[in-house]
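Residues per chain are reported as follows:
Number of protein chains: 4
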Amino acid sequence: MFFASDNAAPCPPEVMAALSAVNQGFAMPYGNDAHTARAVDVIRTLFEAPEAAVYFVSTGTVANCLSLATVSPLWGAVFCHTNAHVQEDECGAPEVFTGGKLLLVPGAHGRMEPAALDKAIRAQKPGVVHSVQPGAVTLTNITEGGTLYSVAETRAIADVAKAHGLPLHLDGARFANAVAASGATPAELTWKAGVDIVSFGGTKGGLMGAEAVIFFNPEKAFEFELRRKRSGHLFSKTRYLAAQFEGWIEGGRWLDHARHANAMAARLAEGLAKIEGVTVAPEAAANILFVKLPAATVGRLREAGAVFYLRGDDYARLVTSWATTEEDCDRFIALASE
Amino acid sequence: MFFASDNAAPCPPEVMAALSAVNQGFAMPYGNDAHTARAVDVIRTLFEAPEAAVYFVSTGTVANCLSLATVSPLWGAVFCHTNAHVQEDECGAPEVFTGGKLLLVPGAHGRMEPAALDKAIRAQKPGVVHSVQPGAVTLTNITEGGTLYSVAETRAIADVAKAHGLPLHLDGARFANAVAASGATPAELTWKAGVDIVSFGGTKGGLMGAEAVIFFNPEKAFEFELRRKRSGHLFSKTRYLAAQFEGWIEGGRWLDHARHANAMAARLAEGLAKIEGVTVAPEAAANILFVKLPAATVGRLREAGAVFYLRGDDYARLVTSWATTEEDCDRFIALASE
Amino acid sequence: MFFASDNAAPCPPEVMAALSAVNQGFAMPYGNDAHTARAVDVIRTLFEAPEAAVYFVSTGTVANCLSLATVSPLWGAVFCHTNAHVQEDECGAPEVFTGGKLLLVPGAHGRMEPAALDKAIRAQKPGVVHSVQPGAVTLTNITEGGTLYSVAETRAIADVAKAHGLPLHLDGARFANAVAASGATPAELTWKAGVDIVSFGGTKGGLMGAEAVIFFNPEKAFEFELRRKRSGHLFSKTRYLAAQFEGWIEGGRWLDHARHANAMAARLAEGLAKIEGVTVAPEAAANILFVKLPAATVGRLREAGAVFYLRGDDYARLVTSWATTEEDCDRFIALASE
Amino acid sequence: MFFASDNAAPCPPEVMAALSAVNQGFAMPYGNDAHTARAVDVIRTLFEAPEAAVYFVSTGTVANCLSLATVSPLWGAVFCHTNAHVQEDECGAPEVFTGGKLLLVPGAHGRMEPAALDKAIRAQKPGVVHSVQPGAVTLTNITEGGTLYSVAETRAIADVAKAHGLPLHLDGARFANAVAASGATPAELTWKAGVDIVSFGGTKGGLMGAEAVIFFNPEKAFEFELRRKRSGHLFSKTRYLAAQFEGWIEGGRWLDHARHANAMAARLAEGLAKIEGVTVAPEAAANILFVKLPAATVGRLREAGAVFYLRGDDYARLVTSWATTEEDCDRFIALASE
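Chains as they are written, first to last, in the working numbering: chain C, 2 to 339; chain V, 2 to 339; chain L, 2 to 339; chain A, 2 to 339.
Among the clues, some could well be false.
Because identical chains share one entry, a pair is satisfied inside a single copy or across any pair of copies.
[Stated by the list, open to error] Below, a list of computed lysine-lysine pairs in the DSS-like style, where the Cα atoms sit at most 25 Å apart:
| hint | residue 1 | residue 2 |
| --- | --- | --- |
| 1 | Lys126 | Lys275 |
| 2 | Lys293 | Lys275 |
| 3 | Lys275 | Lys120 |
| 4 | Lys293 | Lys120 |
| 5 | Lys193 | Lys126 |
For the record, the hints were derived by calculation from the structure and aren't laboratory data. Being a predicted model, the structure only gives us computed values, none of them experimental.
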């Protein structure tokens, strides 16, 4: 009954198999090998983006920070949701990498309101040296609030960004869950909706520690490579990052895993909602659930070995993953029902 | 016949096995899991340093840069060899991470001369704001020149650093080869000789992409953790970095691999030295060899599929690894003899 | 009728005289001269702080940024008001200098609410690497909203900061006006109320471009000096910064000027408040006034040569200075009354 | 007998007069005033560069650092002489501002050898992420060694820079002395010889603390303005920086002062060269002189009140300024002759 985070799950078999498969002989380092080239192609195909520049890095924080630093100037404002991961959980790394400043855009349940974004951008004055200059917009899908930006909602944000000439980045730490939840294709949920750069998360979906950064416009690709190197994020044995993605995507396993995780959250939601005294926040769209539980229930669950985080005393965040079982969900529900 | 670098080799079986072994169930993220704790203990035991703070990161560049940034102030000078990896191959990352400046110390074949180090430190003026302040010393063992700092030579550098109150860092990207070449223990070649922080390289010795940073004095451990996080280098699934080290060290395989690599280089050296027109630089102590080859020989070798870097037209750098075979060495020698 | 800002006024005669007075012969550079030592003493005496470290710099932005960078760690959160100068008007410089992050504290009319500050600090988790760590608190007095923190209000903020072990910085770009408005002494309004570091503004009070940074605890003085140097802010001919302060403070002229500026604002407020259709924001405590004016009045005033900034179409910010005359105020009032 | 540095001299009367002249009434801040516009024009005219972007800052360090940061990328190598001010006397500021790395070019007496510069640039590999990328070249004229780059020598350096597509910056802290020594015009010694950006020093030539940065190609002017602001170097009362330049340049006083300073150094050189046991380095071209003096002579001079720096025990650096008198020179010579 582990619901603390999807980053605590092990790796699915196809990922381990892919690692073994590339563990043969010598391979040129720093991405100049056939395995890496193949994985890049797999991702280009998945996103229907044959020209995209694709890079593998090892953490979500650096995927976000390098992406933003590449497209926003040193004096740039990066507009993000008030509770975005870049704002709350990256220890100031976005400011360090970009040189600029995060400016916060409100919105319910982790989603920026397009009108609020427009207002925030307008408040900065391009051409006036006293304030940072509009630099980029970043949205998270699935959001920290467990909600989804649909294709239309993504497009609405992109329209505001484009109206101000700003690039749009997507923090897709849980992009697989967003694709599964939306029913859209990766392309529809990104470049077709106006997204320019994606941090395509693998770790929370089952990889050991691998994220792909995708620039649909490869113009600044070499700048990204220099930034990756000088932040210590260029792997020599890139094949082992690339292989994880290849194994995970081939055959559509990445999406199967995400669908499973989302289904487990739905199962939890459905079961918990029936319990008196328990309130399930209705906005959950994917694999993150917020549930108000009586204090006694919290205690009982934890005693029984359930692992999850609380906000305050009684507001539980439950996160499911590819490795969550129906049995765990049902047991959790049963314990909460007692 | 792959002699371009030891970072192009695959991973030995025990590393793959260790990854499989930890790929079970959920584990708390960010290093708070039993696997990581166990690997930390393995390294503490190996270095006879039960109090040491030990961290796992994924690249040698970041191991060096985070180490130096933690112990040298923003305005600090880091003294290194003229051709050190931090100076020549990290794209300015040490300056970015530390905030300071590298100052170069000459010395033959990649080894700093203690007297030259002393002179360089004295040239900076502590307490005078116009110049950077002495911050730290870093040496590389095995050096970029393929040479070894013996225990005594390490101690000589440490004595100079200590006389000026400076911490001593060791870039140990090929520390395994240094231990193998010196016959000393890890402790003797580090803290017993005055080294304060080690970048203990795993990648070049056979890991997928894993380095350990060891602070023998754990005083600044939390600062290191914050710096690791804000540079995007904190893995959530730390167990997969830790396991690589555990599998590699348990049973002494790490040292067996290094001894093998060193032996392959010695085999090459011995065979090549006998060939007329070929000159083997005599300083090689481990798994890096510099060899002057006739241009025709270079062409013949490359045609036959040998992979190696040249400096100028005829000065080859040959690097062996755990995966280098006797057959490859002998074939290379045979081709060079034709 | 120049009410755009107090930084557009010329220098009063005693400042020019002081510059002439020190313009004699050679003087050791970089602050090692008798003139600078004397001005340091003048400020120590003014603040009843004989042990304070006092430095002269040329802009308010750098006074704030160097102060905060010296006391808040690289990963530090600096808590400031939502509309503080450091947040809105320094183009991201505080993040660049400190390495950290500004976190915003609400409060009416430019003043942080102590309870809101406490809540904001508590929201950061010391010891958790995912978020920036509480680093420092900065308040502005006179605030950007034209309001005053009284001694008691300053103390209330300081109490919160101290409860969390955080240093308290005062952005005193208009500190002279605050002293004049409060009736307190400089010591009462700073260290006696719990302030640790002051950016003591001279420029807006009549100097050419000179600010003093005061550390009541001189422990980190040398760090400040290094930071000043490496940001290009160490003047060689420091005597010319120091002399401005000396001339301005000796004889109490600095406070006379501030009292005059405050009186001019009060005169404006009184006159404008009587006009139908004009609303004077009642919180103004010193030399900044916010006034709602009919659009026609704005047009008439500007046509007649009045210079001032608008927020929106009709909300004027009027700033008075030592050089503002009664005539200008009365003429402005008369024009607004037509 | 003050020969420690030209930055210890007072300001000449025309500078004080110019300050008084602009100290009238209100003036729009941040450079948007008529005084500043006028001084910009004066400098454009002086350099025969009507399109140049001209900015006023307060220290030489920041003039250099902002110039280089504007034209060299974050991952750029800035090539400079081994003993350049940016390398030895700016506490690492150039690395902080540019984000890059200084790479050192040897050459006798402070002048880079063109061939050595070419070699240093070639050693960096454009397009290879492991090393910093060629970013800019900076030369100093008058050099730290007291020597001059003639127009032809400047052109030789520029030719190398241009061949590699690199911008050329001139650290002209003593540019006035270089113009005086060379007999060339400012234009001939800068853009006509291939210089792209100049730090035109005023402070060492008699100003209180004012330097002008000149971009002959104004393309990156706004970037410079943003960098100036976010490093805390944008003055509100810019008129007082601008006026100093205007007063100093109008009527050619700046050059008269430089000629005087150079003549005083020549007078010293001539007198000292005649003394037995004293050796005057023959390369001196302007207002810096290196003189080997017997230890007893050093002691006698200092006892008599002469102020100068020594390198080692007996190698004196003597710097003259606009304020150095013939009497001081002759007295120094006389004391050295005893």
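Hint check results:
1. Lys126 to Lys275: Neither: 51 Å inside a chain and 35 Å across chains, both beyond 25 Å.
2. Lys293 to Lys275: The answer is within: 13 Å in one copy meets 25 Å, while 56 Å across copies does not.
3. Lys275 to Lys120: For Lys275 and Lys120, the Cα distance exceeds 25 Å both inside one copy (41 Å) and across copies (35 Å).
4. Lys293 to Lys120: between (33 Å within a copy, 22 Å between copies)
5. Lys193 to Lys126: neither (29 Å within a copy, 38 Å between copies)
Going through the hint list in order, the structure does not satisfy hints 1, 3 and 5.
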